[in-house]
Amino acid sequence: MTYGPRPWLQQHWDVRAALNFMLGGTGSGLMVFLAITRAESAWPILVSLLLVAAGLGAVWLEIGRKLRALHVFFNPFTSWMTRESFVALLLFPLGLGAFLTSKFLPVAALAALAFLYCQARILHGAKGIPAWRAPQLVPLMVLTGLAEGAGALVLFSSRPLALALLAAAVIARAAFWMRYRQAVSNDALESAGKALVHIGTSAVLVLAAASFYVAEAAYLAGLAAIATGWHFKLALVTRAALNQGFALPRLPVRGTR
Amino acid sequence: MTRWAMIADLRRCVGCQTCTAACKQANGTPPGVQWRRVLDVEVGEYPAVRRAFVPVGCQHCDDPPCLHVCPSTATRKRADGIVTVDPDLCIGCAYCAVACPYQARYKVDGIATKCTFCVERIDAGLAAGLKPGVDPEATPACVNSCIAGALHFGDIEDPASNVSALLAENQHFRMHEELGTGPGFYYLWDKAP
Numbered sequence: 001m002t003y004g005p006r007p008w009l010q011q012h013w014d015v016r017a018a019l020n021f022m023l024g025g026t027g028s029g030l031m032v033f034l035a036i037t038r039a040e041s042a043w044p045i046l047v048s049l050l051l052v053a054a055g056l057g058a059v060w061l062e063i064g065r066k067l068r069a070l071h072v073f074f075n076p077f078t079s080w081m082t083r084e085s086f087v088a089l090l091l092f093p094l095g096l097g098a099f100l101t102s103k104f105l106p107v108a109a110l111a112a113l114a115f116l117y118c119q120a121r122i123l124h125g126a127k128g129i130p131a132w133r134a135p136q137l138v139p140l141m142v143l144t145g146l147a148e149g150a151g152a153l154v155l156f157s158s159r160p161l162a163l164a165l166l167a168a169a170v171i172a173r174a175a176f177w178m179r180y181r182q183a184v185s186n187d188a189l190e191s192a193g194k195a196l197v198h199i200g201t202s203a204v205l206v207l208a209a210a211s212f213y214v215a216e217a218a219y220l221a222g223l224a225a226i227a228t229g230w231h232f233k234l235a236l237v238t239r240a241a242l243n244q245g246f247a248l249p250r251l252p253v254r255g256t257r
Numbered sequence: 001m002t003r004w005a006m007i008a009d010l011r012r013c014v015g016c017q018t019c020t021a022a023c024k025q026a027n028g029t030p031p032g033v034q035w036r037r038v039l040d041v042e043v044g045e046y047p048a049v050r051r052a053f054v055p056v057g058c059q060h061c062d063d064p065p066c067l068h069v070c071p072s073t074a075t076r077k078r079a080d081g082i083v084t085v086d087p088d089l090c091i092g093c094a095y096c097a098v099a100c101p102y103q104a105r106y107k108v109d110g111i112a113t114k115c116t117f118c119v120e121r122i123d124a125g126l127a128a129g130l131k132p133g134v135d136p137e138a139t140p141a142c143v144n145s146c147i148a149g150a151l152h153f154g155d156i157e158d159p160a161s162n163v164s165a166l167l168a169e170n171q172h173f174r175m176h177e178e179l180g181t182g183p184g185f186y187y188l189w190d191k192a193p
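For the protein sequence lines, the chains are A and B, in the order given. Residues 1 to 257, numbered by this note's numbering, are exactly what the first sequence covers, in order. Residues 1 to 193, numbered by this note's numbering, are exactly what the second sequence covers, in order.
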């Protein structure tokens, strides 16, 4: 038993930080799947880069000293935020290269995957937030980004391969959500988690199957995969981020003994 | 090797917040920013209520999570265990704030700030041949101000220091020790058995 005030919600990172995980996750996930499916058009590559850029732009708005943003590159030895920035530095030229010639697409996809992993590790590194530091969050964040990316892919191409990848990604995401939920108890994530399972998985699978009869259902499936992933990340950063609080393992023994 | 550490004797702290005021006065922190705070913990129900006052702040950890996450290398750890923030490097991303399990970080004017163990006083005192934790001129302001003698400061690597003696004579714990951060802030709660 411990004594002390209950943990309270962190106030340092808000929706701007969440947008980095939401947009960056979707953008990098999309890049990965564009490489796997050998994109028919180059434009989704540009969309992917724009999403990542928008996410980084949003988080830039959150930092206190915006003109010092380049200092973010100073600690690649231990900081996943620095590593994410370096990977982004690689991702953009590679992505633009892939936009011009598809030869660069596999390498750009690898950079996107690394970007996604860095994002997951950023949250894991925040030891002051129990819901973030859980090791189970790392694969969940990666899979959420991939599921969103697969959802975005379906918006551009509803080929059977894209739908199969979407189905696999949302199933994996739901499985790792349940694994995470077993390790972390957080009421603020319950509704987002339910949406992830019911809308983001079950409904997506039904819609993906229905798209073989009604083609438009594929778009709904893609949107549902993206929306539920974003909802989850927004809840994770802004509503579930209770801090460690303070806990006394002992109370003082006063008086003489 | 020196390892500066702070001790709060929970049996003596009366929750007067003089340390909080002294810290604010010494470090010029703005309203709402308390590098040294004192929690008021109430346990149980009437009539069996117990109360404890718990000074908190940066724990100057052995393995500070804030240090590892800082992307700008603004957060550093000195050889004597004091964790510092370079205001000229900090970008104010607040990653350190969410990484700290002790809620010790505050964003002021767009950059991270926190308790420094009054490092300037320690360095100036050492340069003048004084002993931190013993000579007030070389001791953190919160420790100097404590009216109950609950706060102590010193070198835990020195077996003859005031803090080493207190740790030997009393049972103690560190906050959130299970996280492996190795806080440099000890809480005394009872005499040694």
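I should point out that these hints are in silico values taken from the structure, not numbers from a laboratory. Any given hint might turn out to be false.
[Claimed, not checked] Chain A side only, calculated, beta carbon under 7 Å to chain B, not exhaustive: (1) Gly-4; (2) Gln-10; (3) Ala-42; (4) Trp-43; (5) Val-47; (6) Phe-104; (7) His-124; (8) Ala-126.
All residues carry an ideal CB built from backbone N, CA and C; glycine is no exception.
The hints, checked one at a time:
Residue-level restraint check for A:Gly-4 holds (minimum Cβ-Cβ distance to chain B is 5 Å; threshold 7 Å). With its C-beta approaching chain B no nearer than about 6 Å, A:Gln-10 sits inside the 7 Å limit, and its interface hint holds. Checking A:Ala-42 against chain B by beta carbon gives a least distance of about 32 Å; that is not within 7 Å, so the hint is violated. Because the smallest distance between the Cβ of A:Trp-43 and any Cβ of chain B comes to about 32 Å, over 7 Å, the interface hint for this residue is violated.
Annotation: A:Val-47 was flagged as interfacial toward chain B, and the flag is violated, the nearest CB pair being 27 Å apart, outside 7 Å. A least Cβ separation of about 27 Å between A:Phe-104 and chain B goes past the 7 Å threshold, and the interface hint is therefore violated. Among the interface hints, the one on A:His-124 is violated; its C-beta lies about 10 Å from the nearest C-beta in chain B, farther than the 7 Å criterion. Interface restraint check: A:Ala-126 against chain B, minimum CB-CB distance 4 Å, threshold 7 Å, status holds.
Violated hints, listed in ascending order, are 3, 4, 5, 6, 7; each of the other numbered hints is respected by the structure.
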